[in-house]
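Asks: Here are the chains, one letter per residue:
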Amino acid sequence: MLGGAALKGVLIIGGGTAGISAARTLSRFGIQSTIVEKAPCVGGQANELACKGVRECVKCDVCLAVDDVTYALQDENIHFVTGAKVELLERDLGRYRVTLESYPGIIDRSKCMACARCLDACSSNAIGRYMSREGPLLQIDIDACKHDTEGCHECQDACEREAIDLDQEAEGQQVEADAVIVATGSTPFDPKLDPRLGYGTVPGVITSLEAERFINLMGTLPDPLGKGVAKVAFVQCVGSRDPRLQAHLCSKVCCKYAMKLARQAATANKALNISFFFMDWRPTDRQDDLLAWARTNDKVEAIRSRPAEIVLGEDGRPTVRYAIPDDAGIAESGFDLVVLSIGLRPNSDNKTLADMLGARLGPHGFFFGEGKMVSALESKGIFFTGACTGPKDIEESAMDGAAAASKAARYLEAER
Amino acid sequence: MTVLTPPTHSSIEAPKGVAVFICGCRGKVSSKIRLETLLEEALKHPSVGSVEIMEECCCPEDMDRMRLSLSTDEVDRFLVAGCSWHSCRTKFEKLAESSGLDSSLVEVCNIKEHCALVHEPKQAEEKAMRLLKVSLARCDSLQPTPRLRPRTVNRTILIIGNGSTALTAAREAFALGHETMIVCPGDELFRTGEEGAIGLDDANVNKFLKDAEGKVTLSTSSVLRSLEGAPGEFRAVIDTPLGDTEINAGAVILAMDEEPAENPLASIFGDKAMTQEELERRLNSNSKMPGDVVMLAMDMKGESAFDPMSTHEAVHNALFLRTLNPRTRSTIITREVFALGQCEAGYRKSMEAGTRIVRSDGFPEVLEDRLVVKDPVLGEDVAIPYDLVVLDNVRTLPDLEELARAVKVPLTAEGRLKRPNAKLKPSESIRPGVFLCGTAGERGLGIGPTLEARSAAALASGMLRSDLTSGGEVAEVWQDLCSACLTCVRTCPYGAPSIGVEGKAEIKMDLCQGCGVCVGICPSKAIQMYSFRDDQITIQLSQALGGRR
Amino acid sequence: MKLVALTCSFCGYAATDLAGLQGMKYSSDVTIIRLPCTGRLDVKHVLQAVRMGADGVLVVGCLEGNCNYQYGNLEARKRVEQAKGIMKEIGLEPERVEMVNLASNQPWRFVQAVEDMYVKVERMGPSPLNKVRR
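Keeping their order, the protein sequence lines are chains B, W and U. Quick note, this note's numbering runs 3 ahead of the 1-based positions in the first sequence. Quick note, this note's numbering runs 123 ahead of the 1-based positions in the second sequence. Numbering-wise, this note's numbering puts 12 at position 26 of the third sequence, and it's gapless, one number per residue.
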């Protein structure tokens, strides 16, 4: 743990790709760091993602993030506090005193089999399912849980292995640090917020994240209707570039991952028909030119249109209704599987964290990564990095983490 | 390079004694496998000196117990049967060092991930026995490997670059306390990319160089000829206008940018055309602008470039135009609006201010005063009048072949500096100590060159501050067997083998990274690799398959 | 049944670890031997394994283009093909040797490869060399 008088240490809030990269870079500088992660395991969103290669690597960078975690876990300069939240952050004589709070006893890890019965039983969506190297882990978010306020114990009743004990006390922990790196990342968009997409109501409509999770386990796209997948649609810009949802930004990552997912599926199944619904094609990888792919492959269709809605067709399949480009008409097209390419949204607790740090959020709910606002905080040893400053892919997050670590190292050297 | 232990393959000594530690991994292993059975099996092995069962080898208490057991003279190596080589190797290598043993004489036998966690108890135990035999055989055959460490670590960072990315990298490296030298092939640094906003004119560059008090030097019209050595002690030969000079550096950053070039579309529009860069300059100097400005963000074929920078320039200049003179009508003709991430906000703002976006699947028909575009969304022809056509700032890839050859890093088919593989850090190259950034690299399109440069400088600085001891598992030529057929020279990805003065192949230890690709392909079987010699692999196979030879 | 998997130290080995950590099931007849990179593989090693009685040999490397040493896995594939050729010439089923490319987070692909090999060997029967010498 930090706080040794001789050691200069950095507190990193968030153990995703950027946080891990920052910690590893700091370690190379000989600087100790403590990563606080609210999930029960480190790795962040990349843990849920799948490699998109078949025999050839397509540079989706997921293994970069996964391997980084493996190395970080062995690094003696990096300490981890998982399943914990930052409750209080005080600055005193140039150092930060940080109070962390966790509830380690609520779910007994030795009993829990991650069957997710509690997750289904919880009516307030307070239980999160996280993917770790050892498989899925469940955790209860105490802030959302209604046990303290309403005496709810749905999850405890649902658990057949008696792994849940909601009466466990919180465990406080104090950490001292000389600088703070904020790397809290972003949250995947919840498509239930846009009912027209039919997510959760129309069978066969899944999110890209669900597709990735399934690929991680089974190696193929899922077949939720159970009739075989011959025709799949990828719907881009779900939760991005959408003023209706106050989601103005482009999420930057969706074109890249959707194209790579589609190519993986096409390699596995040569007969698969793939349709893309998109507005502008914005890959962050030169290889991923959808329009060129669609020109050379008659199984691939690129439709420049944002679907108006996704409904249950008469044949029981999800049907996409969209305005036909080049025409004024409306078309309907049925699919066996519709993958919603969900974007990256700012975390809901960014505001709380910003208040704690004395920071201001940008107009889109993300932290500022650069500029005047930030330099004032940077001079006090608070740095922002990764997707909490705006959507970023794995490669960029890793680079940003390294750059933030270098800023923090410079700050510590100047303080010394 | 200092070689810390002399490397000779002829001196494979019989082990003095092997200490075996069997780890229960807090029940994860011991609940499936009876560790006593493994203990008995290990004791049967002739070279084994001691066997102990541990609760959890990687916890500090057990580490201390292990250190105690290793402090005897009877033992020169140890084997841990527990979890994966991947997750605990570093810890055990450190343990070996702190116990006065050679860290290359450590073997890990994976009875957790490969046995206890995947198989039923009976099968797991059978397999664990088999793996233990394999590992014991391997442990016996281990030999000390050479360790390489720079004599002194040179903290200078050498940057090869032609544009603003090089300058950003130099700024960052200087801020991190490194002396820095920029080697620029052209006669000045190009103003490219994001740095343009700050201004990279002569005055600015000179001010930075002056502020850096000689700690940052810029050598223009200079070309890197060769790069020898390893992290911490590179020797670079640089061809400067004053003749060849040798420079010592600890790390190298390749910060090559795409170079500004003339947009081929300029000839179509003659004096009615200008680039975004020129437009920006005019706007900054408050020049009068015509009423109809068309931005043509595409090439001859009508393809829009996947270049977030061009889009950024177009939407912002269009907005700027409207702010200066609300009567200006600005239109962007493009196939794709490449407004990645936060740039979308700028795009939206520009649209709200009245910038018109017209999509086109193909190059527009050019008439005297208007462009005719077939709009794919409306499906109709749209005529757009123009007084001025603004073209993208075109950037071309410089010829990097010579540089790539000198540094021994590969290029992509397109001629960009290749990202080695997804697993290395984004700023690393295949050669340790050489880092990549700049728009001439194969980076993600969403990543700004400034970030890349800062990340590369951070990693280079971090590397120079960490322990640079390397090596160990490297390949070595047994010269009496070598027939100088050049197979290894041609196969090695790192250019480590060469034909020496005696007409036999030799492998530069500081370039070898220990993949063993030359070992497997050598027709004379003249190359062997530390820790993965042929006899080591053979004996492992033999033990795995029931002891047959 | 005797199966051998020669894995590289990077994706190959990491995938076998992950298969364990995630509690996947595969035949316990397979013994995993670690190489630095599949490029270290020699045709000789494959043939040795077969001579020593292996019923199946798997070579497990990184995805093409993601080799930690650039193209060691492509070299390995060539050598595996060469070994297959030799096996065919001497009257053994070349299918007893296979090369798999996978990423570190694709443990299912390793499990699948082992299963495929298991099924194949079950169909072909034990290696003739195994029968004669036993």
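These are computed hints drawn from the structure, not numbers from a lab. Quick reminder that beta carbons are idealized off the backbone N, C-alpha and C, glycines included. Some hints could be false.
To be verified - Straight-line Cα separation of at most 25 Å, PhoX-like style, residue types lysine-lysine; simulated pairs:
#1 W:Lys541 x U:Lys30
#2 B:Lys354 x B:Lys383
#3 B:Lys375 x W:Lys151
#4 U:Lys64 x W:Lys648
#5 U:Lys11 x W:Lys627
#6 W:Lys648 x U:Lys106
#7 W:Lys472 x W:Lys531
#8 W:Lys245 x W:Lys139
#9 B:Lys149 x B:Lys375
#10 B:Lys114 x U:Lys70
#11 W:Lys338 x W:Lys245
#12 B:Lys302 x B:Lys354
#13 B:Lys375 x W:Lys472
#14 B:Lys114 x W:Lys472
#15 W:Lys395 x W:Lys424
#16 B:Lys195 x B:Lys354
#17 W:Lys395 x W:Lys411
#18 U:Lys30 x U:Lys106
#19 W:Lys245 x U:Lys64
#20 W:Lys395 x W:Lys531
#21 U:Lys74 x U:Lys64
#22 U:Lys70 x U:Lys30
#23 W:Lys139 x W:Lys151
#24 U:Lys30 x U:Lys64
#25 W:Lys648 x U:Lys74
#26 B:Lys302 x B:Lys234
#27 W:Lys151 x U:Lys64
#28 U:Lys11 x W:Lys648
#29 U:Lys74 x U:Lys11
#30 U:Lys106 x U:Lys74
#31 B:Lys114 x W:Lys151
#32 U:Lys11 x U:Lys64
#33 W:Lys627 x W:Lys648
Claimed, not checked - According to the in silico footprint, chain U covers these stretches of chain B (three or more CB under 8 Å from chain U):
#34 68 to 81
#35 130 to 138
#36 392 to 401
Asks: For the pair supplied as a hint, Lys375 (chain B) and Lys151 (chain W), confirm whether the alpha-carbon distance does not exceed 25 Å.
Replies: Given that 25 Å is the threshold and the Cα spacing comes to 52 Å, the pair is violated.
Asks: For the pair we were handed, Lys338 (chain W) and Lys245 (chain W), check the Cα-Cα distance against 25 Å.
Replies: Violated: Lys338 (chain W) and Lys245 (chain W) sit about 66 Å apart, past 25 Å.
Asks: Between Lys302 (chain B) and Lys234 (chain B), is the straight-line Cα distance small enough, at 25 Å or below?
Replies: Between Lys302 (chain B) and Lys234 (chain B) the Cα gap is close to 9 Å, so the pair holds against 25 Å.
Asks: Holds or violated: Lys149 (chain B) with Lys375 (chain B), Cα cutoff 25 Å?
Replies: Distance of about 41 Å is beyond 25 Å: violated.
Asks: Are Lys472 (chain W) and Lys531 (chain W) close enough, with their CA atoms no more than 25 Å apart?
Replies: 46 Å, violated
Asks: Is Lys395 (chain W) close enough to Lys424 (chain W), meaning Cα to Cα at most 25 Å?
Replies: Satisfied, since the Cα-Cα distance of roughly 20 Å is no more than 25 Å.
Asks: Has the given pair, Lys11 (chain U) with Lys627 (chain W), been kept, meaning a C-alpha gap of at most 25 Å?
Replies: Measuring from Cα to Cα gives roughly 49 Å; hence the hint is violated.
Asks: Is Lys648 (chain W) within 25 Å of Lys106 (chain U), Cα to Cα?
Replies: Given pair Lys648 (chain W), Lys106 (chain U) is violated - Cα atoms ~33 Å apart, limit 25 Å.
Asks: Hint check: Lys30 (chain U) vs Lys64 (chain U), CA-CA at most 25 Å. Holds or violated?
Replies: Holds, because 13 Å separates the two Cα atoms, which is no more than 25 Å.
Asks: Is it true that the CA of Lys11 (chain U) sits at most 25 Å from the CA of Lys64 (chain U)?
Replies: Between Lys11 (chain U) and Lys64 (chain U) the Cα gap is close to 30 Å, so the pair fails against 25 Å, i.e. violated.
Asks: Between the alpha carbons of Lys11 (chain U) and Lys648 (chain W), is the straight-line distance 25 Å or under?
Replies: The given pair, whose Cα atoms are some 39 Å apart, is violated under the 25 Å limit.
Asks: Measure nothing beyond the straight line between the CA atoms of Lys139 (chain W) and Lys151 (chain W); if it is 25 Å or shorter, mark the hint as holding.
Replies: 32 Å, violated
Hint compliance for this structure: hints 1, 3, 5, 6, 7, 8, 9, 10, 11, 12, 14, 19, 20, 23, 27, 28, 29, 32, 36 are not met, and every other hint is.
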